[in-house]
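The lines below spell out each chain.
There are 2 protein chains.
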Amino acid sequence: MVSTKFLKKLKDEYSIEFNNEKLLEEAFTHSSYSNEHPNDGIRDYEKLEFLGDAVLELAVSDYLYRHYPKLNEGELTRLRSNIVRTEGFSEFAIECGFQNEIHLGNGEEKAGARKRKTLLEDVFEAFNGALFLDQGMPAVQHFLHLTVYPLIDKGEFDDSRDYKTDLQELLQQNGPVNIEYSVISESQLPPHFVVELKINDQVQTQGEGHNKKAAEQQAAKAALQKLE
Amino acid sequence: MVSTKFLKKLKDEYSIEFNNEKLLEEAFTHSSYSNEHPNDGIRDYEKLEFLGDAVLELAVSDYLYRHYPKLNEGELTRLRSNIVRTEGFSEFAIECGFQNEIHLGNGEEKAGARKRKTLLEDVFEAFNGALFLDQGMPAVQHFLHLTVYPLIDKGEFDDSRDYKTDLQELLQQNGPVNIEYSVISESQLPPHFVVELKINDQVQTQGEGHNKKAAEQQAAKAALQKLE
Numbered sequence: 001m002v003s004t005k006f007l008k009k010l011k012d013e014y015s016i017e018f019n020n021e022k023l024l025e026e027a028f029t030h031s032s033y034s035n036e037h038p039n040d041g042i043r044d045y046e047k048l049e050f051l052g053d054a055v056l057e058l059a060v061s062d063y064l065y066r067h068y069p070k071l072n073e074g075e076l077t078r079l080r081s082n083i084v085r086t087e088g089f090s091e092f093a094i095e096c097g098f099q100n101e102i103h104l105g106n107g108e109e110k111a112g113a114r115k116r117k118t119l120l121e122d123v124f125e126a127f128n129g130a131l132f133l134d135q136g137m138p139a140v141q142h143f144l145h146l147t148v149y150p151l152i153d154k155g156e157f158d159d160s161r162d163y164k165t166d167l168q169e170l171l172q173q174n175g176p177v178n179i180e181y182s183v184i185s186e187s188q189l190p191p192h193f194v195v196e197l198k199i200n201d202q203v204q205t206q207g208e209g210h211n212k213k214a215a216e217q218q219a220a221k222a223a224l225q226k227l228e
Numbered sequence: 001m002v003s004t005k006f007l008k009k010l011k012d013e014y015s016i017e018f019n020n021e022k023l024l025e026e027a028f029t030h031s032s033y034s035n036e037h038p039n040d041g042i043r044d045y046e047k048l049e050f051l052g053d054a055v056l057e058l059a060v061s062d063y064l065y066r067h068y069p070k071l072n073e074g075e076l077t078r079l080r081s082n083i084v085r086t087e088g089f090s091e092f093a094i095e096c097g098f099q100n101e102i103h104l105g106n107g108e109e110k111a112g113a114r115k116r117k118t119l120l121e122d123v124f125e126a127f128n129g130a131l132f133l134d135q136g137m138p139a140v141q142h143f144l145h146l147t148v149y150p151l152i153d154k155g156e157f158d159d160s161r162d163y164k165t166d167l168q169e170l171l172q173q174n175g176p177v178n179i180e181y182s183v184i185s186e187s188q189l190p191p192h193f194v195v196e197l198k199i200n201d202q203v204q205t206q207g208e209g210h211n212k213k214a215a216e217q218q219a220a221k222a223a224l225q226k227l228e
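Each protein sequence line maps, in turn, to chains A and B. Quick note on this note's numbering: the first sequence kicks off at 1 and runs consecutively. Quick note on this note's numbering: the second sequence kicks off at 1 and runs consecutively.
In short, the hints are calculated from the structure, not lab data. A few of these clues could be false.
Stated by the list, open to error - Pairs of lysine to any residue, SDA-like flavour, derived with a Cα cap of 25 Å: (1) B:Lys47 with A:Tyr63; (2) A:Lys11 with A:Leu151; (3) A:Lys9 with A:Gln99; (4) B:Lys9 with B:Asn19; (5) A:Lys70 with B:Arg43; (6) B:Lys47 with A:Glu73; (7) A:Lys70 with B:Pro38; (8) A:Lys226 with A:Ile152; (9) B:Lys22 with A:Glu75; (10) A:Lys117 with A:Arg85; (11) B:Lys70 with A:Gly105; (12) B:Lys47 with A:Tyr68.
Could you build all of it, start to finish, from the sequences and the hints given here?
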């Protein structure tokens, strides 16, 4: 039931071909669908999500351990927690084309579940669980190298420095200043935001990111670099 | 600095020989020791603990997923949480002979840190992190097959039924009954407890387990089986 177009995307963009496509179906099957179609014999994704959660936790931990040798345990734990707290996973699910492949029951479809962030996050975890079962950890690591890891390296999960607050404090030392962030470009596939920063109505910098918050941080960071 | 006796135990009992013994040293080095011996060039175990935490989470998740196909996602998550909440890991650390190998600073040694449960749990996680780096997931799975998994299969982490409470409720339906559990045998290497259950001063059953609570549950379970 997974679309041919999606299978082609998986193969072309991520070099992924499932040996057992039933696992892939399962990763995209919401309980509302399996409840409505008991004779299809397809389980919902919940057990794959259970497994995928741990798969992502280890994959990310391993990546951080090897690629960020200068971070101490506290910094590693904080960064890992920012990455795997799953909020961001919904954006990856959209980027990877998972959204259109989810099997939903009629009620949930009408209720807009397909756009629900928590459901998209669950499906991203379930997909990684399915990939782990089908092809093991190296395949998961390869997939994450094409999706999640580049954003780690761009600093999008690093909240150790809050550039917006730092900029505000620096600028307002000598009295009130008008700081304004506005989204000037936004796309969903893949999610990409461009934010413009104005200080006292003068355009200063732009920032790009996977979501609005990350783009604002990048714009503030660029402004700080100009000022410092 | 790891003892020859311990290296032999690792090899004989768990078929483990580290390629990089520095990782093993690191897994047993507490920060109080590395702070006191900065010239030894041995890091403390905290980063290995960060990694080991995720290694154990996935290893246990994978085991549960494959060996308990009848459990649903909620039951799997609850069981996993009981296993990896790490309290039990201190007992495995003792059983595996880790306790005597830990490098502690003088102050922590005098303060009794070697017997501290949280420290033993940390070391168990760090050891699994080191083993994962040295030899990959299959070696970790092999080690857990000889330590943690048998206790999962014996039901020691399954709190879905509280046998002690069930027994009490059954017995006290017709008025007060005196139920008494007492430890009649206890050893630390490996941790093993035998508990005797008396009902109105009559010995009914015994239970064995990795800790007192588990042994009591087994005794209550046996009594329920006699009564039911």
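Hints, one by one, checked against the model:
With a CA separation close to 13 Å, the supplied pair B:Lys47 and A:Tyr63 stays within the 25 Å bound. Restraint check for A:Lys11 and A:Leu151: satisfied, since their Cα atoms lie roughly 22 Å apart, inside the 25 Å limit. Annotation: proposed proximity of A:Lys9 to A:Gln99 holds, straight-line Cα distance about 13 Å (limit 25 Å). Among the hinted pairs, B:Lys9 with B:Asn19 is consistent with the structure: their alpha-carbon atoms are about 16 Å apart, no more than 25 Å.
Taken as a hint, the A:Lys70 and B:Arg43 pair is honoured in the structure, with Cα atoms around 12 Å apart against an allowance of 25 Å. Only pairs whose Cα atoms come within 25 Å are accepted, and B:Lys47 paired with A:Glu73 is accepted, the gap being roughly 5 Å. Straight-line distance between C-alpha atoms of A:Lys70 and B:Pro38 comes to about 17 Å, which keeps the hinted pair within the 25 Å bound. A distance of roughly 24 Å separates the Cα atoms of A:Lys226 and A:Ile152; the hinted pair therefore holds under the 25 Å criterion.
Restraint check for B:Lys22 and A:Glu75: the C-alpha separation of about 23 Å stays at or below 25 Å, so the hint holds. Only pairs whose Cα atoms come within 25 Å are accepted, and A:Lys117 paired with A:Arg85 is accepted, the gap being roughly 13 Å. Of the supplied pair hints, the one linking B:Lys70 and A:Gly105 holds, its CA atoms being roughly 24 Å apart against a limit of 25 Å. For the given pair, B:Lys47 sits about 11 Å from A:Tyr68 by alpha-carbon distance, which is consistent with the 25 Å threshold.
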